[in-house]
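Trainee: Order-wise, the sequence lines are chains A and B. Going by the working numbering, the first residue of the first sequence is number 282, and it counts up by one from there. Going by the working numbering, the first residue of the second sequence is number 2, and it counts up by one from there.
Everything labelled a hint here was simulated from the structure, so no lab data went into it. Note that this is a predicted model, so its numbers are computed, not measured. Glycine residues also receive a C-beta, built at the ideal position from the N, C-alpha and C atoms. Careful: at least some of the hints might be erroneous.
Straight-line Cα separation of at most 27 Å, DSSO-like style, residue types lysine-lysine; simulated pairs [unchecked claim]:
hint, chain 1, residue 1, chain 2, residue 2
1, B, LYS180, A, LYS380
2, A, LYS345, A, LYS380
3, A, LYS582, B, LYS132
Pairwise CB distance ranges, derived in the manner of DEER restraints [what the hints assert, rightly or not]:
hint, chain 1, residue 1, chain 2, residue 2, range
4, B, ALA86, A, GLY639, 56 to 66 Å
5, B, ALA56, A, PRO312, 46 to 56 Å
6, A, ARG468, B, VAL181, 49 to 59 Å
7, B, ARG87, A, SER421, 57 to 67 Å
8, A, SER421, B, GLU47, 57 to 67 Å
9, B, GLU63, A, THR300, 54 to 64 Å
10, B, PRO185, A, SER421, 36 to 46 Å
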Amino acid sequence: MAGDVMGPSGSPLQDVLETHEVELNLGPQHPATHGVYRALVRLDGERVVGMESIIGYLHRGIEKWCEYRTWTQATPVFDRLDYVAAVLNCHGYVGAVEKLLNLEVPKKAQYIRVVLDELQRIANHLLWLGTHALDVGAQSMLFYGIREREAILDLFEAMLGQRLLPNAYPIGGVRFDFPKGWEAVCRRFLEEMPKKVDDYETLLTGNRIWVQRTKGVGVISADQAIALSLSGPTLRGSGVNFDVRKALPYSSYQDFDFEVPLGQNGDVFDRYLCRVREMRQSLRIIRQALDGMPEGDLKGKVGRIIRPPAGEAYFTVEAAKGQLGYYIVSEGAEKPWRVHVRAPSFINLQGIETMCRGALIADVVAIIGSLDIVLGEVDR
Amino acid sequence: MTDEIKAPGPPEPPPQEAGGDAAPVEKPAAAKPAAPKAPAAPKKWEPTGEVVLNAPAQALAERFGESVRGVKSPCGEAGVLVDKARLVEILTFLRDDPGCAMNYLSDLTGAHYPINDKKFEVVYHLYSLEKGHSLRVKVQLEDGEPCPTATGVWPGADWMEREAHDMLGIVFEGHPNLKVILLPDDFEGHPLRKEFPLGGAQEEMIRSNRYGKPVYLPDDVEEARKIVEEQRHGR
Numbered sequence: 282m283a284g285d286v287m288g289p290s291g292s293p294l295q296d297v298l299e300t301h302e303v304e305l306n307l308g309p310q311h312p313a314t315h316g317v318y319r320a321l322v323r324l325d326g327e328r329v330v331g332m333e334s335i336i337g338y339l340h341r342g343i344e345k346w347c348e349y350r351t352w353t354q355a356t357p358v359f360d361r362l363d364y365v366a367a368v369l370n371c372h373g374y375v376g377a378v379e380k381l382l383n384l385e386v387p388k389k390a391q392y393i394r395v396v397l398d399e400l401q402r403i404a405n406h407l408l409w410l411g412t413h414a415l416d417v418g419a420q421s422m423l424f425y426g427i428r429e430r431e432a433i434l435d436l437f438e439a440m441l442g443q444r445l446l447p448n449a450y451p452i453g454g455v456r457f458d459f460p461k462g463w464e465a466v467c468r469r470f471l472e473e474m475p476k477k478v479d480d481y482e483t484l485l486t487g488n489r490i491w492v493q494r495t496k497g498v499g500v501i502s503a504d505q506a507i508a509l510s511l512s513g514p515t516l517r518g519s520g521v522n523f524d525v526r527k528a529l530p531y532s533s534y535q536d537f538d539f540e541v542p543l544g545q546n547g548d549v550f551d552r553y554l555c556r557v558r559e560m561r562q563s564l565r566i567i568r569q570a571l572d573g574m575p576e577g578d579l580k581g582k583v584g585r586i587i588r589p590p591a592g593e594a595y596f597t598v599e600a601a602k603g604q605l606g607y608y609i610v611s612e613g614a615e616k617p618w619r620v621h622v623r624a625p626s627f628i629n630l631q632g633i634e635t636m637c638r639g640a641l642i643a644d645v646v647a648i649i650g651s652l653d654i655v656l657g658e659v660d661r
Numbered sequence: 002m003t004d005e006i007k008a009p010g011p012p013e014p015p016p017q018e019a020g021g022d023a024a025p026v027e028k029p030a031a032a033k034p035a036a037p038k039a040p041a042a043p044k045k046w047e048p049t050g051e052v053v054l055n056a057p058a059q060a061l062a063e064r065f066g067e068s069v070r071g072v073k074s075p076c077g078e079a080g081v082l083v084d085k086a087r088l089v090e091i092l093t094f095l096r097d098d099p100g101c102a103m104n105y106l107s108d109l110t111g112a113h114y115p116i117n118d119k120k121f122e123v124v125y126h127l128y129s130l131e132k133g134h135s136l137r138v139k140v141q142l143e144d145g146e147p148c149p150t151a152t153g154v155w156p157g158a159d160w161m162e163r164e165a166h167d168m169l170g171i172v173f174e175g176h177p178n179l180k181v182i183l184l185p186d187d188f189e190g191h192p193l194r195k196e197f198p199l200g201g202a203q204e205e206m207i208r209s210n211r212y213g214k215p216v217y218l219p220d221d222v223e224e225a226r227k228i229v230e231e232q233r234h235g236r
């Protein structure tokens, strides 16, 4: 760039002016980093030439803490990982314990879990969409996102007694059936929501400013994304068809007819489109689950004290951010020997250095937003 | 080769964490013929269940023979325990072999088993995006024994290995940037080791202090360390 400009004596300007790289510290207390994420960005002019992520500000030692609790007592703490999609975290953990116990969860409980999971996924995507759009400069999207998210949180409150961290599932099933009138409210939400998603798309998808800020920004190829173990919409934005709900079905996801939205270019725009289309698919799944809700028990046969056989299990669910995995080790006692969380935000964040290289500094904020990270899950 | 990893005979009981009373019992056992709890069989962590070998595990067994052994699983998951020396070779084979095509490193972590002969395990969870099969690959390590890095096979192993290094102190040989990731820079110890107290240095001090009263450590690290040392030596 600077080399093309000629100095007064005809020599390239670069020889006359001394230029050097600038190191810029972004975060950890920066609103656009979505939590306490700190990035050390090396800049050449406005271009990013290198980036280092510094994380761990929110490390609470959750994996250690679990080892001092019984299997049941450890359940609520996982809500605190990804605190905007708590139900999905809970599902991952109880699913892993059920797998180790070889426990059959009743069909009805599986369907109720699907309904709550997908509602939570929509709530997460709405909050993500609002904050991401706010980062890029579209302020009004946040209000709409929060408004619809409230409706979902109200549904959670009515059913689970809690809005954000409901500790939704016990090991073996679900606690409650839908309360009286809940299903009608939920169906009304399902009817209204597609129009709202249309509104979001009207606001953003065709918006010239939005497109200019997101298209071709933060590109990551499919091969790079696979090699970096990215998952969720961040991986699917690059065109890789990997959704745990389809690939390794759990909780009766094989019963439902839905599509996995895929991107092509692996840029911020495609990741945005994937998530917005995922919301529509989630609505489809909820409708099918409510229509086909089977009769039966709410909870499988679990003892009061849970003592899985000695051994290990790895169970993954498609959380809002990507593949959420729990690796649990039991020594045949009441307490877990080891619980490890494969946190999708943590691993997706690895991709940021590849995405940001060569981008403008203003785009870094858009790229962080497009990864949909929650630092509670990154740092655990 | 296989036996060497699995169990090198019944050697002296592994140094258990709370084995303080086991050693003194051993000495009078010579005088007393009926040793009360002398054959306290060194409890070892071992998974129960059956060995499941899926397609990639069988391909591995054919190709690498003795270096690969099946691991039992109570829930029907396929898993293998491999030789540390051939780990990278095996992981590369799993990634590149068209029959396995396990191109996705889903997870990498470690676990600490102080009662086992080999105290540490590094666990790789692999998945094939094409074929849809998964495999767990494990490797066992002594305390302080380095593990070859998988960053050459999957760049995504970078942060996962850094995390395992933080939490368990496993050294990954050849890792390009093995520094702390989740813990503070000046943190000492590895929290997910079993001997590490849940409350950290604070709890350690409360336990070791003579009056059993909580003593709050000053912010200054050097000062705090001095107090902990004093308390530990009962002064």
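Trainee: Look at each hint and say if it fits the structure.
Mentor: For each hint, the structure was consulted:
no., hint, result
1, B:LYS180 with A:LYS380, "violated, 35 Å"
2, A:LYS345 with A:LYS380, "holds, 21 Å"
3, A:LYS582 with B:LYS132, "violated, 34 Å"
4, B:ALA86 with A:GLY639: 56 to 66 Å, "violated, 40 Å"
5, B:ALA56 with A:PRO312: 46 to 56 Å, "holds, 49 Å"
6, A:ARG468 with B:VAL181: 49 to 59 Å, "holds, 50 Å"
7, B:ARG87 with A:SER421: 57 to 67 Å, "holds, 58 Å"
8, A:SER421 with B:GLU47: 57 to 67 Å, "holds, 59 Å"
9, B:GLU63 with A:THR300: 54 to 64 Å, "holds, 58 Å"
10, B:PRO185 with A:SER421: 36 to 46 Å, "holds, 40 Å"
In the structure shown, a violation is registered for the earlier hints numbered 1, 3, 4, in ascending order.
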